[in-house]
Amino acid sequence: MTTARTRTRHPARRRRRAGALSRWRVSARLARRQAARTRLSSLLVVILVALPIAGMTGFAVWAMSSVSTPEERARVELGRMQAWVAPAGVPDAGFWQAPTEPEWHGYPVGADGVSEALEGVPLEDPAAELAPGTEVVEIVERGTVRVRTAAGEAPVTAWAGETWHEEFAGKYDLVDGRRPSSASEAMVTPAALERLGIGIGGELALPAEDLTFTVVGTLDAAGVPDADAGVFLPLTDRTRQFVSGEHRWYLPEPALPWSDVEELNEQGVVALSREVLLDPPTRVNEDAQRAQANQTAVFWSMVAVIAIGGAFAAYVVVMLAGAAFAVAARRQQRSLAIVASVGGSRRDLFRTVALQGTVLGAVGGVVGTALGVGLAAGGLAIVDDGSGISPWGFHVPWLGVAGIFVFSVLVGTLSALVPARTVARADAISALRGARRPQRPTASRPVWGSVLLLVGVGITLACGVGLAVLNRNGTGVRWDSPLSMIPVYGIVAGPILAQVGILLSGRWLLWTVSRGLSRASTAARIASRDAAANASRTVPAFAAIGATVFLGVFVAAVSAMGTANSARNHVYTAPVGSVVVSMGPPATTSGAEPLSAESARRAIESARTMVADAGADGTATIARQLPVWNYAHADDVPDDMVRALAVLPERYLLDPESVSEWRGAGDPQNNISVLSADDLSTALGVALSPGERAAYDEGAVVVTDSRYVVDGTVQFGAWSGRDLYEGRAPDNVWRPSTDATERSDPMWEESADAIVEEGARGSIVVAMAPQTALDLGIQAQPEVVIASFDDPISVESRDRLNTQANLASTSDYSLWAYVETGPPSDLTWLIPLATTVSVLVVGASAVALGLARFERRPDDATLAAVGGTPALRRRIGFWQGLLIAGFGTLSGAAAGILPAIGLSIQSQGSQRLTDIPWLGLAALAIALPLVIALANALVPPRRPDLTRRTVIA
Numbered sequence: 007m008t009t010a011r012t013r014t015r016h017p018a019r020r021r022r023r024a025g026a027l028s029r030w031r032v033s034a035r036l037a038r039r040q041a042a043r044t045r046l047s048s049l050l051v052v053i054l055v056a057l058p059i060a061g062m063t064g065f066a067v068w069a070m071s072s073v074s075t076p077e078e079r080a081r082v083e084l085g086r087m088q089a090w091v092a093p094a095g096v097p098d099a100g101f102w103q104a105p106t107e108p109e110w111h112g113y114p115v116g117a118d119g120v121s122e123a124l125e126g127v128p129l130e131d132p133a134a135e136l137a138p139g140t141e142v143v144e145i146v147e148r149g150t151v152r153v154r155t156a157a158g159e160a161p162v163t164a165w166a167g168e169t170w171h172e173e174f175a176g177k178y179d180l181v182d183g184r185r186p187s188s189a190s191e192a193m194v195t196p197a198a199l200e201r202l203g204i205g206i207g208g209e210l211a212l213p214a215e216d217l218t219f220t221v222v223g224t225l226d227a228a229g230v231p232d233a234d235a236g237v238f239l240p241l242t243d244r245t246r247q248f249v250s251g252e253h254r255w256y257l258p259e260p261a262l263p264w265s266d267v268e269e270l271n272e273q274g275v276v277a278l279s280r281e282v283l284l285d286p287p288t289r290v291n292e293d294a295q296r297a298q299a300n301q302t303a304v305f306w307s308m309v310a311v312i313a314i315g316g317a318f319a320a321y322v323v324v325m326l327a328g329a330a331f332a333v334a335a336r337r338q339q340r341s342l343a344i345v346a347s348v349g350g351s352r353r354d355l356f357r358t359v360a361l362q363g364t365v366l367g368a369v370g371g372v373v374g375t376a377l378g379v380g381l382a383a384g385g386l387a388i389v390d391d392g393s394g395i396s397p398w399g400f401h402v403p404w405l406g407v408a409g410i411f412v413f414s415v416l417v418g419t420l421s422a423l424v425p426a427r428t429v430a431r432a433d434a435i436s437a438l439r440g441a442r443r444p445q446r447p448t449a450s451r452p453v454w455g456s457v458l459l460l461v462g463v464g465i466t467l468a469c470g471v472g473l474a475v476l477n478r479n480g481t482g483v484r485w486d487s488p489l490s491m492i493p494v495y496g497i498v499a500g501p502i503l504a505q506v507g508i509l510l511s512g513r514w515l516l517w518t519v520s521r522g523l524s525r526a527s528t529a530a531r532i533a534s535r536d537a538a539a540n541a542s543r544t545v546p547a548f549a550a551i552g553a554t555v556f557l558g559v560f561v562a563a564v565s566a567m568g569t570a571n572s573a574r575n576h577v578y579t580a581p582v583g584s585v586v587v588s589m590g591p592p593a594t595t596s597g598a599e600p601l602s603a604e605s606a607r608r609a610i611e612s613a614r615t616m617v618a619d620a621g622a623d624g625t626a627t628i629a630r631q632l633p634v635w636n637y638a639h640a641d642d643v644p645d646d647m648v649r650a651l652a653v654l655p656e657r658y659l660l661d662p663e664s665v666s667e668w669r670g671a672g673d674p675q676n677n678i679s680v681l682s683a684d685d686l687s688t689a690l691g692v693a694l695s696p697g698e699r700a701a702y703d704e705g706a707v708v709v710t711d712s713r714y715v716v717d718g719t720v721q722f723g724a725w726s727g728r729d730l731y732e733g734r735a736p737d738n739v740w741r742p743s744t745d746a747t748e749r750s751d752p753m754w755e756e757s758a759d760a761i762v763e764e765g766a767r768g769s770i771v772v773a774m775a776p777q778t779a780l781d782l783g784i785q786a787q788p789e790v791v792i793a794s795f796d797d798p799i800s801v802e803s804r805d806r807l808n809t810q811a812n813l814a815s816t817s818d819y820s821l822w823a824y825v826e827t828g829p830p831s832d833l834t835w836l837i838p839l840a841t842t843v844s845v846l847v848v849g850a851s852a853v854a855l856g857l858a859r860f861e862r863r864p865d866d867a868t869l870a871a872v873g874g875t876p877a878l879r880r881r882i883g884f885w886q887g888l889l890i891a892g893f894g895t896l897s898g899a900a901a902g903i904l905p906a907i908g909l910s911i912q913s914q915g916s917q918r919l920t921d922i923p924w925l926g927l928a929a930l931a932i933a934l935p936l937v938i939a940l941a942n943a944l945v946p947p948r949r950p951d952l953t954r955r956t957v958i959a
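So that you can map any letter, position 834 of the sequence shown is 840 in our numbering, and since no number is skipped, the others follow by simple counting.
No lab work stands behind these hints: they were computed from the structure. Remember, predicted model here, so these are calculated numbers, not experimental data. In this text, a Cβ means the ideal position worked out from N, Cα and C, and glycines have one as well. Treat the hints with caution; some may be incorrect.
As the list claims (entries may be wrong) - The calculated label-pair distances, taken between Cβ atoms and stated as ranges, are:
id: 1; residue 1: 623; residue 2: 916; range: 33 to 43 Å
id: 2; residue 1: 389; residue 2: 607; range: 44 to 54 Å
id: 3; residue 1: 822; residue 2: 755; range: 31 to 41 Å
id: 4; residue 1: 389; residue 2: 809; range: 53 to 63 Å
id: 5; residue 1: 655; residue 2: 623; range: 36 to 46 Å
id: 6; residue 1: 642; residue 2: 662; range: 22 to 32 Å
id: 7; residue 1: 785; residue 2: 916; range: 24 to 34 Å
id: 8; residue 1: 695; residue 2: 389; range: 33 to 43 Å
id: 9; residue 1: 660; residue 2: 464; range: 31 to 41 Å
id: 10; residue 1: 797; residue 2: 127; range: 43 to 53 Å
id: 11; residue 1: 739; residue 2: 289; range: 49 to 59 Å
id: 12; residue 1: 662; residue 2: 522; range: 53 to 63 Å
Using the sequences and the accompanying hints, generate a full structural model.
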């Protein structure tokens with residue numbers, strides 16, 4: 007027989023558990039009341055927490071609103087249609103597609119990771135692969151046609167097919183008018199009516215096609231901004247000839263399951279099915295899985311951006327809010343000491359202060375998330391272009407917002423932990439007396455801080471050297487090996503360790519500086535001792551400033567080196583600000599012969615007229631020899647074709663064993679440009695002296711690359727066009743290898759005096775006068791027109807030139823207009839970066855100095871009582887600002903420049919330390935703290951309250 011035993015809890019255990027819960031409740035109540043009493047510091051903490059939380063929430067909402075839901079995607083892609091199909095691959099070749107991304111498709115990949123090239127062509131009509139009797143609507147989407155507008159002619163986006171079908175509702179919506187009922191009627195977007203200068207019932211003219219349509223209504227196309235003009239034409243044999251875009255066949259019904267899509271894939275047909283889009287299959291082949299992984303990578307990249315930004319924001323907020331909590335905790339020491347005197351333990355005091363951070367973090371989280379959602383909603387409404395995809399909608403990731411809110415609570419709690427620990431270890435008797443004892447740094451922190459500082463610097467330099475060694479050939483380490491990434495991480499991690507070392511040594515550094523400044527002046531002595539005595543307020547402040555400056559200096563230095571390297575490697579086509587109009591065979595011609603002399607002449611006339619109408623103040627026509635590369639085969643090159651070139655001395659040729667690429671201006675085997683002396687200033691951006699101009703007309707040549715000059719002359723040689731085509735002539739780049747084609751002897755050799763102009767900008771290497779070219783037997787044909795302008799070319803003018811170039815192109819030649827803008831300027835990113843960093847530094851300094859002023863009120867009263875003047879107090883404010891901001895900017899700049907040094911070492915000369923904007927960084931690290939200190943000194947100090955004086959224990 008068994009009896010049930012009743013398990014009873016021990017009374018002492020129940021009392022301990024009830025007592026612990028009671029203590030938590032009391033601590034939470036005290037924390038809430040203390041936060042309400044210290045309104046100013048609590049408001050500051052809430053603002054500090056709310057601002058980054060608002061940014062993170064707003065970014066999350068913005069990013070998710072840029073991603074479509076399956077329902078939104080189905081509406082924009084299909085309307086009410088069930089699917090669309092389109093030919094994309096060769097039938098019976100294992101063709102595959104990603105279920106929800108038909109554009110991601112391909113053939114099976116072999117063991118070597120490469121798809122085999124297959125013979126065959128896609129199907130012309132995929133509708134034949136559908137079930138018999140299936141209704142399809144054939145559409146050609148997003149082609150381009152030229153239409154007559156109110157101001158002339160312009161290319162616009164065009165659709166051909168029954169886009170006005172009722173089942174397209176959601177994708178193409180009828181706005182006004184009626185649907186076309188014959189092949190002579192068309193529709194347009196609402197914006198096109200204004201662009202064409204017509205109304206419903208007006209005439210849509212296509213001059214190039216000699217066609218006209220009657221506009222009977224307007225359609226709104228999903229995916230097309232409201233401001234864009236577009237035309238919707240009927241699909242006829244004639245419109246098929248000139249509307250070339252994405253060809254798709256839409257299915258009003260029936261639904262297309264994934265099994266049917268896979269069968270279509272076997273025939274080389276891709277499909278986007280509503281059923282598959284709303285309920286994707288869980289099992290697909292490996293190739294499709296890799297394609298879908300790309301979409302997942304985009305999502306995780308967004309998460310990484312939020313995580314990195316959140317980590318940086320958390321560090322800054324914890325530092326600044328921690329300083330605010332330190333001040334508030336010292337103001338609460340007397341009341342908390344009373345709690346200790348009536349039985350409160352150290353744990354109770356710790357919980358009380360820590361829970362204040364939790365409460366204020368929660369409040370800041372609520373305010374920040376609400377503000378972020380509101381700002382995102384306003385921003386999305388501003389950028390909404392009516393296309394339905396920018397943005398797709400208003401998507402609030404509630405789970406992500408909840409995570410951001412938890413993050414805010416965690417940040418608030420972390421901010422209060424160090425002040426809570428300080429309060430818990432405080433002497434209750436001294437706190438009840440209101441006495442304050444200066445803090446002294448312990449020896450362990452300076453030692454560990456110094457160790458971390460030296461280790462961080464060493465890691466950065468060692469990884470820079472290691473990465474430079476790995477980048478050289480023959481190390482045996484593959485580029486995708488984890489070993490190759492270790493130095494990269496080290497270059498970034500080293501400066502962070504150095505920054506942590508400075509933080510740990512902060513109190514000792516302030517104490518050391520205060521001893522040095524004690525002999526400078528009374529104001530410097532008082533300010534430095536105040537900073538050292540209140541290190542719990544000062545160190546977090548300059549740590550937050552240092553982190554901000556570290557990030558700014560790192561980005562500025564690395565970007566400046568990269569931009570300067572791009573500028574050195576930039577290949578100029580003309581002087582900066584010039585318009586270059588080049589010409590060639592029609593764009594639709596493949597493998598055509600070069601332009602005839604007559605076609606080139608007409609093209610040059612059209613180009614010069616075009617730039618003159620655009621307001622050019624100078625033009626230059628450059629002629630060159632016809633390139634041999636336009637011929638499809640060497641046998642097609644005429645037997646009598648001769649090509650001359652300036653020969654680069656052999657000592658400047660590159661070794662293909664050590665150099666993998668070459669960058670330079672123009673074709674090194676067609677490096678002779680023929681132009682008159684009057685055109686040189688426009689083409690090169692330099693002006694010849696009268697003596698140089700006379701020499702040029704008499705046979706001298708202008709050289710922009712001094713390597714071609716030997717003893718003041720340039721050597722020329724001539725080879726047959728076939729020798730040039732088959733590699734038997736010098737290429738002016740590489741040294742001949744042992745197994746290279748044997749070089750032919752030149753047909754003739756000549757030399758000419760050189761006029762060196764290395765400061766010239768453009769694609770011209772060697773320029774000679776037309777008469778000099780005739781004397782040498784060089785047959786040159788106009789190829790490029792360069793135009794200079796007094797004022798910079800606007801974006802609208804560039805678009806107009808491109809349109810005019812397209813309109814001026816004929817069936818005999820094509821024109822292309824290009825504006826030489828030069829390499830990207832540092833100012834486009836340096837000014838916003840410097841402004842952002844300066845604002846953050848000023849904001850962090852304002853918080854720290856405001857806390858210092860608030861906490862110094864009793865000290866100011868004592869100082870005023872012993873005769874301290876307002877001028878002395880202003881000078882103290884100056885030194886306080888200089889110490890806090892100066893420590894932060896100098897430590898941040900020193901840490902931020904370390905990874906730049908490491909990257910410069912590994913680049914083997916491509917990224918140079920001399921390219922870093924040292925003056926700008928010096929202004930950030932030195933001048934900005936001085937400005938902050940002056941501003942702090944100019945702000946008048948508050949009138950001291952002589953009834954509140956500090957008791958020094």
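For each hint, the structure was consulted:
no., hint, result
1, 623 / 916: 33 to 43 Å, "holds, 38 Å"
2, 389 / 607: 44 to 54 Å, "holds, 48 Å"
3, 822 / 755: 31 to 41 Å, "holds, 36 Å"
4, 389 / 809: 53 to 63 Å, "violated, 26 Å"
5, 655 / 623: 36 to 46 Å, "holds, 38 Å"
6, 642 / 662: 22 to 32 Å, "holds, 28 Å"
7, 785 / 916: 24 to 34 Å, "violated, 40 Å"
8, 695 / 389: 33 to 43 Å, "violated, 55 Å"
9, 660 / 464: 31 to 41 Å, "holds, 37 Å"
10, 797 / 127: 43 to 53 Å, "holds, 52 Å"
11, 739 / 289: 49 to 59 Å, "holds, 52 Å"
12, 662 / 522: 53 to 63 Å, "holds, 60 Å"
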